[in-house]
Structure formats: C-alpha cells, structure tokens
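Number of protein chains: 4
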Amino acid sequence: MDRLIEKVLEFTRERDWDQFHSPENLAKSISIEAGELLECFQWNNEYDLEEVKEELADVINYCILLSDKLGVDYKKIVLDKMKKTAKKYPVEKAKGKSTKYNKL
Amino acid sequence: MDRLIEKVLEFTRERDWDQFHSPENLAKSISIEAGELLECFQWNNEYDLEEVKEELADVINYCILLSDKLGVDYKKIVLDKMKKTAKKYPVEKAKGKSTKYNKL
Amino acid sequence: MDRLIEKVLEFTRERDWDQFHSPENLAKSISIEAGELLECFQWNNEYDLEEVKEELADVINYCILLSDKLGVDYKKIVLDKMKKTAKKYPVEKAKGKSTKYNKL
Amino acid sequence: MDRLIEKVLEFTRERDWDQFHSPENLAKSISIEAGELLECFQWNNEYDLEEVKEELADVINYCILLSDKLGVDYKKIVLDKMKKTAKKYPVEKAKGKSTKYNKL
Chain A
7 MDRLIEKVLE FTRERDWDQF HSPENLAKSI SIEAGELLEC FQWNNEYDLE EVKEELADVI
67 NYCILLSDKL GVDYKKIVLD KMKKTAKKYP VEKAKGKSTK YNKL
Chain B
7 MDRLIEKVLE FTRERDWDQF HSPENLAKSI SIEAGELLEC FQWNNEYDLE EVKEELADVI
67 NYCILLSDKL GVDYKKIVLD KMKKTAKKYP VEKAKGKSTK YNKL
Chain C
7 MDRLIEKVLE FTRERDWDQF HSPENLAKSI SIEAGELLEC FQWNNEYDLE EVKEELADVI
67 NYCILLSDKL GVDYKKIVLD KMKKTAKKYP VEKAKGKSTK YNKL
Chain D
7 MDRLIEKVLE FTRERDWDQF HSPENLAKSI SIEAGELLEC FQWNNEYDLE EVKEELADVI
67 NYCILLSDKL GVDYKKIVLD KMKKTAKKYP VEKAKGKSTK YNKL
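Residue numbers (the numbering used here), protein chains in the order written: chain A, 7 to 110; chain B, 7 to 110; chain C, 7 to 110; chain D, 7 to 110.
One chain only, chain A, in its complex shape (with noise of 0.2 Å):
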C-alpha cells in the first residue's frame, strides 16, 4: 500500500496537482467519480468490468490523495471506524439485517 500511495503522489507531483487539491476539491472529485462508478449500474446490474474497475479506481485515487492532504493513515482511520460501528451495528443486533442502526 505505502509503494501505490507513492506511486499516486508520484503523479500527481510531476503534473504539478498539488495546487489544485485542497481538501475540498478532493471531497467533491470522491462525489464526482462516485457519480461515474454508479452510473455503471443506472438501470441494471447489468455492468461491464473494465468500466466499472476504472471508475472504482478512480474513486480509490481521490481517497488516497485526500488521506495524504489530511496527513492522515490510509489503513488506520478505516480500523479505527470500524471500532465505532462496531459499537453501532453489535453482531447479536446487526446479523443478517440491513437496518440503519438508529432503527434497530
């Protein structure tokens, strides 16, 4: 992981990007390519692949590059969340159930 955020830090330096990725402008390219990776699946399921790998990596990117901007661990902030929704979705109450946990 640490060579792959290497690598995208790599290229957005020799584009000489940095300027243009505050933390906001990161956030709404996550939401703009999300917008991308879903219209793979807008009226069906339906979805082709290579289009679908290439609009998830897209997303991937931005979110190794906000991670970077925050000065923040990629790996841990996701196990440190997963402790809180832990607390929020307890196996015993959560399994087998979709339901938000405020309706639980």
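Since the hints were derived computationally from the structure, they do not count as laboratory data.
All C-beta atoms, glycine included, are put in the ideal place defined by N, C-alpha and C.
Keep in mind that a hint or two might mislead.
[Said to hold, decoys possible] One-sided excerpt, in silico: chain A residues whose CB lies under 7 Å from chain D:
#1 Ser37
#2 Trp49
#3 Ser104
[To be verified] Lysine-lysine pairs mimicking DSS-like chemistry, simulated, CA-CA at most 30 Å apart:
#4 B:Lys94 / A:Lys13
#5 D:Lys106 / C:Lys75
#6 D:Lys90 / D:Lys101
#7 C:Lys13 / D:Lys101
#8 B:Lys13 / A:Lys93
#9 C:Lys90 / A:Lys109
#10 D:Lys94 / B:Lys87
#11 D:Lys106 / B:Lys90
#12 B:Lys106 / D:Lys93
#13 A:Lys103 / C:Lys75
#14 C:Lys87 / D:Lys13
#15 D:Lys106 / D:Lys87
#16 D:Lys81 / C:Lys87
#17 A:Lys94 / A:Lys109
#18 C:Lys101 / C:Lys90
#19 C:Lys75 / D:Lys93
#20 C:Lys106 / A:Lys75
[To be verified] Residues of chain B placed beyond 10 Å of chain C at every Cβ, according to the derived structure:
#21 Glu16
#22 Glu20
#23 Trp23
#24 Asp24
#25 Phe26
#26 Asp74
#27 Asp79
The hints should help you fit chains B, C and D onto chain A, whose structure is shown.
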C-alpha cells in the same frame, strides 16, 4: 493492506451482510458515503478533521468491499488506471493545469 | 409547471423508457447527474454557464420523473418540507448562520 | 411554480442565508441531498415514501436556489435541454432501449 481487507471482510462475514452487498448496492453505498464526506465541506473550508476521517473511512470501506466482490486487486486497478490516465494527461501538456483532457 | 411535467412525461413515453424508471433507478440517476453538475465546479469557481444549465436541467428532469412515479405533487412536497425545515431552523436561531440544526 | 420559487427565496432571505449560496456551494448541496435520497434505496426497493418525498424536496429546493442564483429560468432550461437530448436520442433509435447515446 491485505490485513485491512481481511478485517473488513471479517466484519461483514460476522454480521452476515454479504447478502446485501451486490456490486450495485456497493456502488450506491460509495455514492451515499461520498455525499456525507462532501457535507463536511458544504458551506466552507473549515472542516472538522474527525468527521472527515470517519466519512472518508466509510468510502474506503465500501471501495474495499466492492473490489473484493468484483474479484479484482485493490491496488492493481489503481496502478492500471494511472497508466491510462498518464496517456490522457502527459506531463508536458498537463503540468500545472486543471483542464480536462478533452480540452487540453 | 404542469405543462413542463407533461412535456417531460411525453418525452419518456415516446421512447418507451418508463420501463427503466423505477424509483430506485431515478434516485440513482439524480445522484449521477448531480455529480456531473458538481464537476462544473471541481477545481474552481470559474464555471461555464452553458454546461451548468444543462447539468442542472438533467437533475431537474429526473426529479420531475421521480415525483410523477411516486404519485406526489412536485410543488407540494417542497412546500411541505419547508414547513418542517422552518421548525428545525427558526429565524431567530438560524439567521446568518450555516450551522447544522443539531449544532445550533 | 413562480409562487413556489418566491417562497423558497423568501425562506432564504429571512434567514440571511444568501451569503452561503454560491453556485458552487449549491451544486455541492444538490449532490449531498441526492446522496440522502439515494440512501432511501441503499439496500433494497422497499422505500419509505415519506422519507423519499422529503429528500426529493431537498434536492428540488437547492435546484430552485441554483437556477435563481444563475439567473436562469427554471422551466426553460429543462425544455432547452430536452431539445438537445432529443437529438442524441431520436425516437426511432432509442425506443425501448436504455443504451447510452454513444453506444446506440
């Protein structure tokens, strides 16, 4: 990264949530969480770092689940996409510009 | 407004697209088009008015289709929601502030 | 429709919120609310009509504010866009198909 992916999958497995995780539902979930991340920047730039970290973690979490569901390698798809993007945005043309490739 | 709604529905009818317009698919479409609208503002504020108009029109178009599909009145739901929002954001508390109601 | 637009603008004026409503912030708001609307359909089709109505109303509300801020006519931009879309999707080619125009 592999350990993180394993942790995320285990969390889902324990709760028997895999039944809800069609590629389409995961793509919707990425868009939904991206919207919550964007909400941290809705009216200005003075974001709350803790909130941003949590919302970003939610986006990454669903990206991990989607890549697993598609049977693709989380890191490889980003590297593959970077190669395509590099052709659309060659350093000499794109340097210091935020212009979209079709207007470069 | 009634004439506009009628025009939008006729456009769909002529193309036999109603079969694709489940409430869920229309909700996805609104998110997808909202992402394209946001792309007009991805890196800065210097937007292209023609592009913004077209993307905004796409969002509105799907909002009209969804309200029709749900069998609700396009204007009434906005007025009804304003009454609820007015309670969450009373003038004396919310005036001049962008703070979310749960932090007011 | 004109009365609805007037009501929406009055709501904003009373709260002195116009200062937050740059086109960019309104575009972000439309994406954020579109995400909340999509959340009503995150895991299945069994939506709660009251929730869907409220989230759709929020999207429409920000669309009205953005069209006003841009100085464009809410209904006209939809009609204008329909003319463009009609060319991309002529009835004889698009009838009964959900295919995107560039693949038709």
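Check your understanding: Are D:Lys106 and C:Lys75 close enough, with their CA atoms no more than 30 Å apart?
Key -> 22 Å, holds
**Study point:** C:Lys75 paired with D:Lys93 [C-alpha distance capped at 30 Å]
**Key:** Holds - the C-alpha atoms of D:Lys93 and C:Lys75 are around 25 Å apart, at most 30 Å.
Check your understanding: Regarding the pair C:Lys106 and A:Lys75, is the alpha-carbon distance no greater than 30 Å?
Key -> 25 Å, holds
Review point. For B:Asp74, is the shortest beta carbon distance to chain C beyond 10 Å?
Key: 22 Å, holds
Check your understanding: When the nearest CB of chain D is found for A:Ser104, is that gap smaller than 7 Å?
Key -> 4 Å, holds
Practice item. Under 7 Å, Cβ to Cβ, is where A:Ser37 needs to be relative to chain D, so tell me if that hint holds or is violated. Key: 5 Å, holds
Point to revise | Closest CB of chain C to the CB of B:Glu16 still more than 10 Å away | key: 30 Å, holds
Check your understanding: Within 30 Å, alpha carbon to alpha carbon, are D:Lys81 and C:Lys87?
Key -> 21 Å, holds
**Study point:** Non-interface claim for B:Phe26, where every Cβ of chain C lies beyond 10 Å
**Key:** 14 Å, holds
Review point. Does the no-contact call for B:Glu20 survive, Cβ to all of chain C over 10 Å?
Key: It holds; B:Glu20 is separated from chain C by about 28 Å at its closest Cβ, greater than 10 Å.
Practice item. Mind verifying the non-interface call on B:Asp24? Its CB should be farther than 10 Å from each CB in chain C. Key: 21 Å, holds
Review point. Given the hinted pair C:Lys13 and D:Lys101, is their alpha-carbon gap at most 30 Å?
Key: Answer holds: C:Lys13 to D:Lys101 is near 17 Å, not above 30 Å.
The structure agrees with every numbered hint stated previously.
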